[in-house]
Amino acid sequence: MPKLIIDDIAVEVADGSTVLEAAQSVDIPIPHFCWHPALGKAGACRVCAVKMLEGPVKGIQMSCMLPAQEGMVVSTTDPEAVAMRRNVIEWLMINHPHDCPVCDEGGECQLQDFTIAGGHGIRRYTGKKRTHVNQYIGPDIEHEMNRCIQCYRCVRFYQEYAGGCDFGVMGSAGRVYYGRFQDGRLESPFSGNLVDICPTGVFTDKRARFRARYWDYDMAPSICPHCSLGCNITPVARYRELLKIVARRNDPVNGWFICDRGRFANDEVNERQRPRSPEVDGRETTYDEALEALLLRVGEAEELYGPGSMAIVGSSRLALEAAALLPQLAQSSAAGALCYFTLQAEGDRTLAAYELLSAGKSASLNDVRESDCIVILDCDPLQDAPMMALALRQAWRSGAGVYLVGGGIELPCEFTRVATLDAVPLAEAKRSVIIYGTKGYNGVTTVASWLTGIAPNFTKGGLPGNLKLACLFPGPNSFAAALLSREHGAVSLEEALADGGIKGIIAVEADIPEQLLEGVRFVAVLDWRKTATVQAAQIVIPTTAWVEMDGTYINNEGRSQRFKKVMNPGVPVKGEGPPLHPPHIHRSVAPGGEARPAWQVVAGIIEGLGGERITEPLSGQWEYLRELDAESRGVMINDL
Amino acid sequence: MRILSDIAAIMTGMWITWKHMFRRPVTVQYPEEKRQPYPRYRARIVLTRDPDGGERCVACQLCSAACPVDCITMQSAEGDNGRRFAEWFRINFSRCIFCGLCAEACPTLAIQMTPDFEICKRDVMDLIYEKEELLIDGCGKSPDYNFYRHAGIGVTQPRGTGVEEMPPVDVRGLMP
Amino acid sequence: MIYDPIDIALILTKIALVFFVILTLAAYLVFAERKVLAWIQDRKGPNRVGPFGLLQPLADLIKLLTKEDFRPIGADKWLFYLAPAMAAVPAIMIFAVIPFGAPLVLFGHTVQLQVSDLNVGLLLFMALSSIAVYGVALGGWASNSKYALLGSIRGLAQLISYELSMGLSLVPVVMLARSFRLSDIVDAQSGCWFIVYQPLAFMIFLISIAAECKRIPFDLPEAEGELVAGFHTEYSGMRFGLFFVGEYINIVVLGGLAATFFLGGWHGPFLPPVVWFAGKVLAFAFLFIWMRGTLPRLRYDQLMHFGWKILTPLALLNILATGWWLVLRG
Chain R
282 MPKLIIDDIA
292 VEVADGSTVL
302 EAAQSVDIPI
312 PHFCWHPALG
322 KAGACRVCAV
332 KMLEGPVKGI
342 QMSCMLPAQE
352 GMVVSTTDPE
362 AVAMRRNVIE
372 WLMINHPHDC
382 PVCDEGGECQ
392 LQDFTIAGGH
402 GIRRYTGKKR
412 THVNQYIGPD
422 IEHEMNRCIQ
432 CYRCVRFYQE
442 YAGGCDFGVM
452 GSAGRVYYGR
462 FQDGRLESPF
472 SGNLVDICPT
482 GVFTDKRARF
492 RARYWDYDMA
502 PSICPHCSLG
512 CNITPVARYR
522 ELLKIVARRN
532 DPVNGWFICD
542 RGRFANDEVN
552 ERQRPRSPEV
562 DGRETTYDEA
572 LEALLLRVGE
582 AEELYGPGSM
592 AIVGSSRLAL
602 EAAALLPQLA
612 QSSAAGALCY
622 FTLQAEGDRT
632 LAAYELLSAG
642 KSASLNDVRE
652 SDCIVILDCD
662 PLQDAPMMAL
672 ALRQAWRSGA
682 GVYLVGGGIE
692 LPCEFTRVAT
702 LDAVPLAEAK
712 RSVIIYGTKG
722 YNGVTTVASW
732 LTGIAPNFTK
742 GGLPGNLKLA
752 CLFPGPNSFA
762 AALLSREHGA
772 VSLEEALADG
782 GIKGIIAVEA
792 DIPEQLLEGV
802 RFVAVLDWRK
812 TATVQAAQIV
822 IPTTAWVEMD
832 GTYINNEGRS
842 QRFKKVMNPG
852 VPVKGEGPPL
862 HPPHIHRSVA
872 PGGEARPAWQ
882 VVAGIIEGLG
892 GERITEPLSG
902 QWEYLRELDA
912 ESRGVMINDL
Chain F
10 MRILSDIAAI
20 MTGMWITWKH
30 MFRRPVTVQY
40 PEEKRQPYPR
50 YRARIVLTRD
60 PDGGERCVAC
70 QLCSAACPVD
80 CITMQSAEGD
90 NGRRFAEWFR
100 INFSRCIFCG
110 LCAEACPTLA
120 IQMTPDFEIC
130 KRDVMDLIYE
140 KEELLIDGCG
150 KSPDYNFYRH
160 AGIGVTQPRG
170 TGVEEMPPVD
180 VRGLMP
Chain B
51 MIYDPIDIAL
61 ILTKIALVFF
71 VILTLAAYLV
81 FAERKVLAWI
91 QDRKGPNRVG
101 PFGLLQPLAD
111 LIKLLTKEDF
121 RPIGADKWLF
131 YLAPAMAAVP
141 AIMIFAVIPF
151 GAPLVLFGHT
161 VQLQVSDLNV
171 GLLLFMALSS
181 IAVYGVALGG
191 WASNSKYALL
201 GSIRGLAQLI
211 SYELSMGLSL
221 VPVVMLARSF
231 RLSDIVDAQS
241 GCWFIVYQPL
251 AFMIFLISIA
261 AECKRIPFDL
271 PEAEGELVAG
281 FHTEYSGMRF
291 GLFFVGEYIN
301 IVVLGGLAAT
311 FFLGGWHGPF
321 LPPVVWFAGK
331 VLAFAFLFIW
341 MRGTLPRLRY
351 DQLMHFGWKI
361 LTPLALLNIL
371 ATGWWLVLRG
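Chains as they are written, first to last, in the numbering used here: chain R, 282 to 921; chain F, 10 to 185; chain B, 51 to 380.
These are calculated hints, taken from the structure and not from any lab test. No experiment lies behind these values; they were computed from the predicted model shown. A few of these clues could be false.
To be verified - Stretch-level coverage of chain R by chain F, calculated; a stretch enters the list once three of its residues show a Cβ under 8 angstroms from a Cβ in chain F: (1) 375–381; (2) 411–418; (3) 491–499; (4) 659–669.
Stated by the list, open to error - Quick list of in silico lysine to aspartate or glutamate cross-link-like pairs, DMTMM-like style, CA-CA up to 20 angstroms: (5) F:LYS28 with B:ASP92; (6) F:LYS140 with R:GLU857; (7) R:LYS811 with R:GLU875; (8) B:LYS94 with F:GLU41; (9) B:LYS196 with B:GLU274; (10) R:LYS487 with F:GLU96; (11) R:LYS855 with F:GLU141; (12) R:LYS410 with F:ASP179; (13) F:LYS28 with B:GLU83; (14) R:LYS410 with F:GLU141; (15) B:LYS359 with F:ASP15; (16) F:LYS150 with F:GLU64; (17) R:LYS487 with R:ASP499; (18) B:LYS94 with F:GLU42; (19) R:LYS487 with F:GLU87; (20) R:LYS846 with R:GLU560.
Here a beta-carbon is modelled for each residue, glycine too, at the ideal position from N, C-alpha and C.
When you get a sec, could you build the whole thing from the sequences and use the hints?
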């Protein structure tokens, strides 16, 4: 634990920290381009210069390259260091084009910030600027090499951190070029992180190209809904249009990065044709009328078919707020079934996987990154949860053994194929993780029976060594769906429909296969996606997408995370109104802005059915989540 | 004595106001008489074109960021050859305070202020000017400047042929 | 006492004439004030309504009459409605005792150009000018507004203070004329105006009447810089108009009194007496406007200090000196 003094402030940091990290720990900013907390040092940009006044080394040093040592006295404000940084910035700007107004990075550009902060304003160099030819690197990322300042961050991330091999660095000296050998889409499923990691505008998000500026963004901390890992993101919206997704740091979960699916696969939110206004029998109506019609049909169903003829269906993508209200809805509508899963197999597997986790220790992504032995069983991380693959690559980079039981998949690292779990040298490992999935039935049962074999009483909490389990669920809130299913004895819709007693369904953000809807007389859907179920429904009440409301997801390890409202619901301004400009109309509610969060609609139905008025969806056992901070690391649910 | 100097002071004041009674008034009888404002007078805002006839505005949002009353809104879009332009551009003149910060912020010299101060409408909605009302066919006060010639990216000319640019690097060349 | 019908008709005619002239004059004084102030400030002043803006007072009248008659919540209804009249009526009543011309002989009758030649005319003036204070006091009190109340409190203190020095400055005039009757005072100046004997009393009277009609530099009851509009903050429409016109009637009346007491009333060579009188009144009105265009407002403590510690003792000394002088002269 070396102690040093930076700008008259005494700092004590962990062994192996750099002077730059030591300064950051006491909020002293030192400009840097090539250094990144997740990538470490490169010493390429020379802009983090500080002056060492006392200690083992003296004079101007690169703070990112220098390990913090006992007795160092560092000055970041020494005139010599300031002059050095200013000169370095001026050198970096020699070849940088004068195109900030037409650059999407403008306003959120590290190079802009540090140029201004470094005091460089007027160009003194009169020579010509070097230029490059850009490449087509796919439909999601724009390449503009003229802006490059040669910090090597992109190639370090792409090749070392993410294991990609189709992107690299070429040339020498002032002609260094970062790109592919030839035009073509970047192959890595993590390529979108180049946009975040580039300190200037070489890589920008093509989907948000020329759409808005940083100071105009609607932003809020949010959670990715694409898989069960619950990566932290910051969606960016403007004029009711979701422009892009930016990774948000959360060390126990995703760290600094997210995968391309989470970043680029969000067109559904901006879809003009998604449910925007309530519909009864295909006719657009108001929210109140739709609610009235729904209540009427629920009453009719009870009259015609007797009580217990309705089924309430939730899903693994439904936020906790609404999911937690469904049992109440089932009660007040005298429903015959409460379902969180549509298919029996899916429900059973998820419940079994949840059982394993609730009994043992679940592994966070950080646990995976820090483990020294990883077993992958019956799942495909690159497909089901790409960030899990990135995490296990980091473990592999630090020397962990990766074992794949069975085969048939690819991983972004080297691995050993083994036939069974017993073949894995788990006994020698200090921190091991078993990753399994719910897609096939084998994974869960194999792990369960194997665990029973080695630790007969593991359900009471005893797992050998530091063994942790990570499960890849199908949806962002599968864990909560399984938990609520278990608690309220919910069955899958398939089972509920088996005896033919169910004649009506209220589906809350649930995807129900067409064949299950045969024989069901009445379907009401609350959803924001234009699913097949929505098309088959008689009553559609639009709900808000996850970026349009506050909510909670419980990820695959049982970590509750809050996502905040990013933008108001409504049809995007883009494409609205007369040609050339948006309409000249004053409106209090945007077109299509009547959508409400699912839990509010559910609460409205409960109230309409004679239940109590619900103003706070998280109550009872969930009350401790009310004040959950979206910027925190999340809270493990009480059972764990 | 102080009282005498006080009385003298009052009398001086009365004398000055007396003299002013016979001066020519400075009033300009506005609708009948009009003063010619100076060329740099800050009134109605226009969007100018570059010497080659293209729209100067690249919708970089700096004017709307600088605007203290938030009267400028726009949407940028990508045109031919990657040119950035304003898909729509709106100035709400019922809010504008003619402070000139937008014109000062404009990096492409597109947004400029004219001496036309007579902006009156019966309907306040008519004071919302859209791009087609703002855009003029001329360069305004800086007739020679074309941002894209200096920007360093290839939009109006092939890459590497702009002002103070070297030809593009041959990445596969082996020469030092 | 038996009155000749012609006498009664003459008196009614005089009253009507005085009303008409005073109100028109007050209205045009407003116009004149705006014009003169504009000239002082190198502007043109009102010039849009009618030729040279001469119909401006009419336009103002129409505007005031058609404005909403607003009463604040919590205002004392009757006092609120009464106060403007209390301000305007006593001012115009004072004019009843002012002789505005030499007696005329019409149809065999000698007509005094004076509504009523009271033998205690000067005392009536003092009494009525005291009643005018109520307009300010009640208007401010009844408005239920802090600004109006503060303005009326200041007005009360100011008017009462300066009434004292005003009254005292008139004592030497009475001593010289040996009468309270205003026509006697005018007659006593047929030879030499009292301003020659009593320059000090004239100055004190002039300053006091400026304070009495709440004109700059003594406009503390209104003080728009600090009290919005002082005691008439909450008034609108014609009720505000009454306060406003009352102020200008006051200027005319007090100007007439100053002329009567010190400048020989209607006396003057060459020109007809009525013209002389009108000229003197207008000269005072112009002086007030001129002062307003020049001087800043006094501070409240300066105002009270000046009234009580300077004007009042000076007026008392002046009485003593006049007495001595009369005794010595025999």
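Checked hints:
1. 375–381: Coverage by chain F holds here, the residue count being 5 at a Cβ distance below 8 angstroms.
2. 411–418: holds (count 5)
3. 491–499: holds (count 6)
4. 659–669: violated (count 0)
5. F:LYS28 with B:ASP92: 10 angstroms, holds
6. F:LYS140 with R:GLU857: At roughly 16 angstroms apart (the allowed maximum being 20 angstroms), R:GLU857 and F:LYS140 satisfy the hint.
7. R:LYS811 with R:GLU875: Holds - the C-alpha atoms of R:GLU875 and R:LYS811 are around 16 angstroms apart, at most 20 angstroms.
8. B:LYS94 with F:GLU41: 15 angstroms, holds
9. B:LYS196 with B:GLU274: Within the cut-off at roughly 14 angstroms; holds.
10. R:LYS487 with F:GLU96: 17 angstroms, holds
11. R:LYS855 with F:GLU141: 18 angstroms, holds
12. R:LYS410 with F:ASP179: 15 angstroms, holds
13. F:LYS28 with B:GLU83: 17 angstroms, holds
14. R:LYS410 with F:GLU141: Violated, at about 36 angstroms.
15. B:LYS359 with F:ASP15: 17 angstroms, holds
16. F:LYS150 with F:GLU64: 15 angstroms, holds
17. R:LYS487 with R:ASP499: Within the cut-off at roughly 18 angstroms; holds.
18. B:LYS94 with F:GLU42: 14 angstroms, holds
19. R:LYS487 with F:GLU87: 11 angstroms, holds
20. R:LYS846 with R:GLU560: Roughly 25 angstroms separates the two Cα atoms, so the pair is violated.
When each numbered hint is compared with the structure, violations occur for hints 4, 14, 20.
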